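Protein chains: 2
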Amino acid sequence: MKKKSIDVCFSPALFHLYDASESIVVVIDVLRATSSICIAFEHGVRSIVPVSKVEESSAYRAKGYLVGAERKGEMVEGFDLGNSPFSYMDPKVKDRDIALTTTNGTQAIAIARNAFQIAIGSFLNQDALCNWLKQQNRNVILLCSGWKNSFNFEDTLFAGAVVHKLLDSFELTDHRDSALAAMQLYHLAKDDLYGFLEQSSHRKRLEKLQIEDDIVFCLTPNQTDCIPVMVGDAIYNLNVLQSM
Amino acid sequence: MKKKSIDVCFSPALFHLYDASESIVVVIDVLRATSSICIAFEHGVRSIVPVSKVEESSAYRAKGYLVGAERKGEMVEGFDLGNSPFSYMDPKVKDRDIALTTTNGTQAIAIARNAFQIAIGSFLNQDALCNWLKQQNRNVILLCSGWKNSFNFEDTLFAGAVVHKLLDSFELTDHRDSALAAMQLYHLAKDDLYGFLEQSSHRKRLEKLQIEDDIVFCLTPNQTDCIPVMVGDAIYNLNVLQSM
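Quick note, the sequences are listed as chains A and B, same order.
First residue of the first sequence? That's 1 in this note's numbering, and the numbers climb one at a time after it.
First residue of the second sequence? That's 1 in this note's numbering, and the numbers climb one at a time after it.
Just so you know, the hints here were simulated from the structure itself, not pulled from any lab data.
Predicted, not measured: the structure shown is a model, and the values here were computed from it.
Please note that a few of the clues may not be correct.
As the list makes no split between identical chains, a pair holds if one copy fits it or if it spans any two.
Calculated cross-link-like contacts (lysine to aspartate or glutamate; reagent style EDC-like; alpha-carbon spacing at most 16 Å) [unchecked claim]:
#1 K3 with D168
#2 K4 with E42
#3 K4 with D174
#4 K4 with D97
#5 K63 with D225
#6 K94 with D191
#7 K148 with D174
#8 K2 with E55
#9 K63 with D95
#10 K148 with D19
Extracted from the complex, chain A is given alone in its bound form (with noise of 0.2 Å):
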């Protein structure tokens, strides 16, 4: 049997150069959007729905939804949760439906719509989201959702992380370049995912906020076996609903 191709991302403004038609799309922005979907999703959350703009939640907040909002880092003020992955840690959220928007994770959501399949990742989720995409016989596009559309190390590292561990599984494409420098920055950086992060762009952005603890949180690989996949409009547990 053809292997199917494994693709890496830097950015959402690139997503357009990749046919994703046929191909199942891991999202990923650990620091913190997709981190904390998977955390919320392994502490009894019922759905995600991503929504651009935070004025939308409003609707949402209305129909029963808790809703999460973060910009620039910060908890929007009002809002019921934020961007860490320590606050979906709450019994309040069980069973719950929450419509999330975030700066990054949720734009990236966005612009995927296009693929067979929309899965989230971090490194959270690492080894079950891969055990589960080696099973799928579809082509995967790692899709990093950068800084406002520029490049930026932690995604990378995640997806190179995943590289590693597919590469025997799946063949690369005419993109190979991208694949291949994640995983090379990978294994660079994965004694010490903390340490290298150090001078990345987005550690010196949240060290204002003083969220270091959800940062080595979100660079510790397999805290949850969720994999959260998009159906219609938002996010659930695979594992959940193929139980049901």
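Got chain A; can you put chain B on it based on the hints?
Frame of chain A, contents of chain B only:
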């Protein structure tokens, strides 16, 4: 004095994220447009007009220009010159004006037209370029041409070499992750650039064309002191302009 900034842009499709109006933009297309441009000036070419379409070249030919064109790595039939640096090491180019169109390089030059100044970089003029950039007291953006807007290794590695040489004299910006990634990849590759590119997409494309000699040459630093710069619609040898 406040240090000027140095940035790396991995693709012309990301260039709109950078403020180029006060910056020197170094256009990089190592395999092979900007390498050929550097070596053309070393061999006495007077000027090179980058044109976007093969068809536009005819008008220049009528005006006495030599015409060079490459598409998908090959010289276009009926043209005087291709994209191999060796084709510009010919006495026939001395004192001539050339109209040149290539798949990626001339497109990147076109997209950088809002820059304060455009310069042409390649391993072939590496140290001369770096020394000149240090003296300009301007922000610098290293623009990788990539392959049809995709990230590529060879341009990134040269950008990384320049960051490595200039980092002490410049400062990083919000786009720092691309600059640091380029530099880290350069450190991985620098002892055997040719071997490192073995798996790269462009090497694989060029394999079919049997131009290994071109590639080895294009990866050899410091074959010329020429610094090609845009003045109006054409590229000139800065060293010649300054001696006039």
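Hints, verified against the model:
1. K3 with D168: For K3 and D168, only the intra-copy Cα distance (9 Å) is at most 16 Å; the inter-copy one is 45 Å.
2. K4 with E42: Close neither inside one copy (29 Å) nor across copies (46 Å); limit 16 Å.
3. K4 with D174: within (13 Å within a copy, 35 Å between copies)
4. K4 with D97: neither (34 Å within a copy, 48 Å between copies)
5. K63 with D225: neither (29 Å within a copy, 68 Å between copies)
6. K94 with D191: Neither. Shortest intra-copy (34 Å) and inter-copy (54 Å) distances fail the 16 Å Cα cut-off.
7. K148 with D174: Answer is between; shortest inter-copy Cα gap is 10 Å, intra-copy 25 Å.
8. K2 with E55: Close neither inside one copy (46 Å) nor across copies (40 Å); limit 16 Å.
9. K63 with D95: Within one copy only: 15 Å inside, 74 Å across.
10. K148 with D19: between (22 Å within a copy, 14 Å between copies)
Going through the hint list in order, the structure does not satisfy hints 2, 4, 5, 6, 8.
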